[in-house]
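> If you read the protein sequences in the order shown, they are chains A and B. Residue 1 is where the first sequence starts when you use my numbering, and the numbers rise one by one after that. Residue 1 is where the second sequence starts when you use my numbering, and the numbers rise one by one after that.
Careful, some of the hints might be misleading.
Below 25 angstroms or equal to it, Euclidean Cα-Cα: the simulated DMTMM-like pairs (lysine to aspartate or glutamate) are [as the list claims (entries may be wrong)]:
#	chain 1	residue 1	chain 2	residue 2
1	A	K166	A	D284
2	A	K166	B	D59
3	A	K379	A	E359
4	A	K59	A	D284
5	A	K166	A	E197
6	A	K218	B	D59
7	A	K199	A	E247
8	A	K166	B	D81
9	A	K199	A	D217
Since the hints were made in silico from the structure, they are not lab data.
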Amino acid sequence: MPINYQQIQAQADQFCNRSMKYHQALNNATDILMDVLMKSGSHLTELHHLVDLKALANKSLRCAIPIQEQISTAYTLPTTFEPLLLIAADGSQINPNRHRQVDFGLINVATICIQPGLDIPPDIESESKLMDDFDQQTDHARLTEDLIALERDILERAALYNRACKYPAPLITISDGPLELFRETSETAWFEKKLAEYKQILGDCRSATILTAGYVDKPQSDLVNRMLRLALEMLPVSNYPLSAEIENIRVSDACLFSGLLTVPGDRSAIFAIQSPWAQHFKDDLQLCFFYLNVGRPQKPGLARVEFPAWCARNPQLLNNLHAAIFRQCEIMGTRPYPYILHRAHELAMVTFDETLQLENLLAGELQARGLDAGVKSNKQSAKDLPGRGRYP
Amino acid sequence: MTQIPIEVGRLMRASLTGFVAGCRINQPNLPAFGTLVRVPINNRLEAFGLVYNIHVDDDGLVRQLVTNQTLPPEVIADNRDNRNMPVEISIITIGRRESGVFSHLLPGIPPTSLDIIYQCLPLEICEFTSAGRFGYFRHILRNEELPTGELLASHLDQARRAHGACGDPEWYTRAIKELIIRLRDDYPGLMNVMNALSDLPTE
Chain A
1 MPINYQQIQA
11 QADQFCNRSM
21 KYHQALNNAT
31 DILMDVLMKS
41 GSHLTELHHL
51 VDLKALANKS
61 LRCAIPIQEQ
71 ISTAYTLPTT
81 FEPLLLIAAD
91 GSQINPNRHR
101 QVDFGLINVA
111 TICIQPGLDI
121 PPDIESESKL
131 MDDFDQQTDH
141 ARLTEDLIAL
151 ERDILERAAL
161 YNRACKYPAP
171 LITISDGPLE
181 LFRETSETAW
191 FEKKLAEYKQ
201 ILGDCRSATI
211 LTAGYVDKPQ
221 SDLVNRMLRL
231 ALEMLPVSNY
241 PLSAEIENIR
251 VSDACLFSGL
261 LTVPGDRSAI
271 FAIQSPWAQH
281 FKDDLQLCFF
291 YLNVGRPQKP
301 GLARVEFPAW
311 CARNPQLLNN
321 LHAAIFRQCE
331 IMGTRPYPYI
341 LHRAHELAMV
351 TFDETLQLEN
361 LLAGELQARG
371 LDAGVKSNKQ
381 SAKDLPGRGR
391 YP
Chain B
1 MTQIPIEVGR
11 LMRASLTGFV
21 AGCRINQPNL
31 PAFGTLVRVP
41 INNRLEAFGL
51 VYNIHVDDDG
61 LVRQLVTNQT
71 LPPEVIADNR
81 DNRNMPVEIS
91 IITIGRRESG
101 VFSHLLPGIP
111 PTSLDIIYQC
121 LPLEICEFTS
131 AGRFGYFRHI
141 LRNEELPTGE
151 LLASHLDQAR
161 RAHGACGDPE
171 WYTRAIKELI
181 IRLRDDYPGL
191 MNVMNALSDL
201 PTE
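Chain A extracted, bound-state conformation (with noise of 0.2 angstroms):
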């Protein structure tokens, strides 16, 4: 049966008087959290302090930490850069599927070099890992969903290390999301054990001086209104206490800052995280972060780049990362994102037909050596029944 439209209709109708009542708190939310963002400005060390002692008592706190920069300014697009070799790596997978006639699963990491500025085509490369889930050995973690994703995040930036070994540093990786990992998995040893791997790998960068960064598009942290709740409840910074009825109002950090850098370019100062994951990432790998305006004049678009504590305290090497990125998505015009990010994507997509072509594959092999096949479940082979249509 279609959508019921009749009946939509109506709640739409709601959904946009919803909408506005909620704007209404949201900007007045924001207004007050701006005011108590240019107050603090100066107040980095008793903010750092507060984020400290909060985070005793809270062991689950997650909030930005102030660095060394005035958090109330916006820091412009360096006017000198050097256009660093840049080596971007995405990563898509196909997730195991019990309804499949084959249960298996893969990830397809596809890793793109550019060097800004030359008239040469970038070296593209991707490679694949066929997963499947005959180890029933106890100590080997079950194929899931989240298992493949963990593995691709590792994967991702494995290969952005083994290709940027092949280049003189510095130079600058780049993937999309943010650096910190964090899953929702069972096999905590298994977890464990990648945690070291991928901590291993951002070490192994860092002592290369190669830049690791992360971005993140559209991002919805709030990350930074956390910690100015926590300077509002315990700083003298406003005289306006948040009101019951905008407390609760989640404030990103996207919204906040689109009224602080408003030419494109601009960057705000460089935050830590705190939070129970960021924990493992210490000293020159504790994962820092800034917003980007990509945006167009009139058209501010906020993006969040995340980065090592060893990159942020490399001035020349900062703006660089700062730069790069803004001149990636200024290529992509109107809607701007990395084109590098967009081309790693292009080439690591797997198809829906892609995943049949190998699923025939795998069945043909396995037929072939006399072994089981399987057969599709009885739910999917009605799925894939040929539909009457909605209209006919």
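Guided by the hints, dock chain B onto chain A, whose structure is given.
Quick look at chain B alone, frame taken from chain A:
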């Protein structure tokens, strides 16, 4: 001196009356409009055709990138070299060579996917166009979807130079006379062709 055949691309799709070749946008030997090409079908049979359209397709990314006034050179190189966007060359079949004998009849079977398409050498152009009595003109003149005048002008210009080099400068005059005869009952069509031919440089 023996000339080496020039590959212009590989066959993407075909029918008895025409075929489409794909090639890279930045390859040096991209065939021009009106070029005579051939594609071997089997050991004895080859199809001959004229390039009548060259099509560069777009996609979502290209459409987005063209709005950018200053594209870095590496992005242009990436799109031309790495992205799977072949230039499509449409060719009308106008004859064949079977066991070494030229004919302006269509080959009985079409070429197949990924067959290599070659640009005809001047000697092949002379041999093909002087076989019979310009029978291949009918394939061009009856196809209403072709830019007939422009295609004939471009083809005749290339063939005129080949025949000149082969010692038959009168071929061009004979070809024009044949066109006038074939189009005598189609005045607009004739004027269309004559207008296009009048723009050719005089030799």
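> For every hint, state whether the structure bears it out.
Hint by hint, here is what the structure shows:
1. Simply put, K166(A) and D284(A) have alpha-carbon atoms about 23 angstroms apart, close enough for the 25 angstroms limit, and the pair holds.
2. About 32 angstroms separates the Cα atoms of K166(A) and D59(B), which puts this hinted pair outside 25 angstroms; it is violated.
3. A threshold of 25 angstroms between alpha carbons decides the hint, and for K379(A) with E359(A) the separation of about 17 angstroms falls inside it, so the pair holds.
4. Between the alpha carbons of K59(A) and D284(A) the distance comes to roughly 22 angstroms, so the proposed pair stays at or under 25 angstroms and holds.
5. Taken as a hint, the K166(A) and E197(A) pair is honoured in the structure, with Cα atoms around 21 angstroms apart against an allowance of 25 angstroms.
6. Of the pairs offered as hints, the one joining K218(A) and D59(B) holds, with about 24 angstroms between alpha carbons and a cut-off of 25 angstroms not exceeded.
7. Annotation: proposed proximity of K199(A) to E247(A) is violated, straight-line Cα distance about 37 angstroms (limit 25 angstroms).
8. For the proposed pair K166(A) and D81(B), the alpha carbon gap of about 22 angstroms is at most 25 angstroms, so the pair holds.
9. Annotation: proposed proximity of K199(A) to D217(A) holds, straight-line Cα distance about 24 angstroms (limit 25 angstroms).
Going through the hint list in order, the structure does not satisfy hints 2 and 7.
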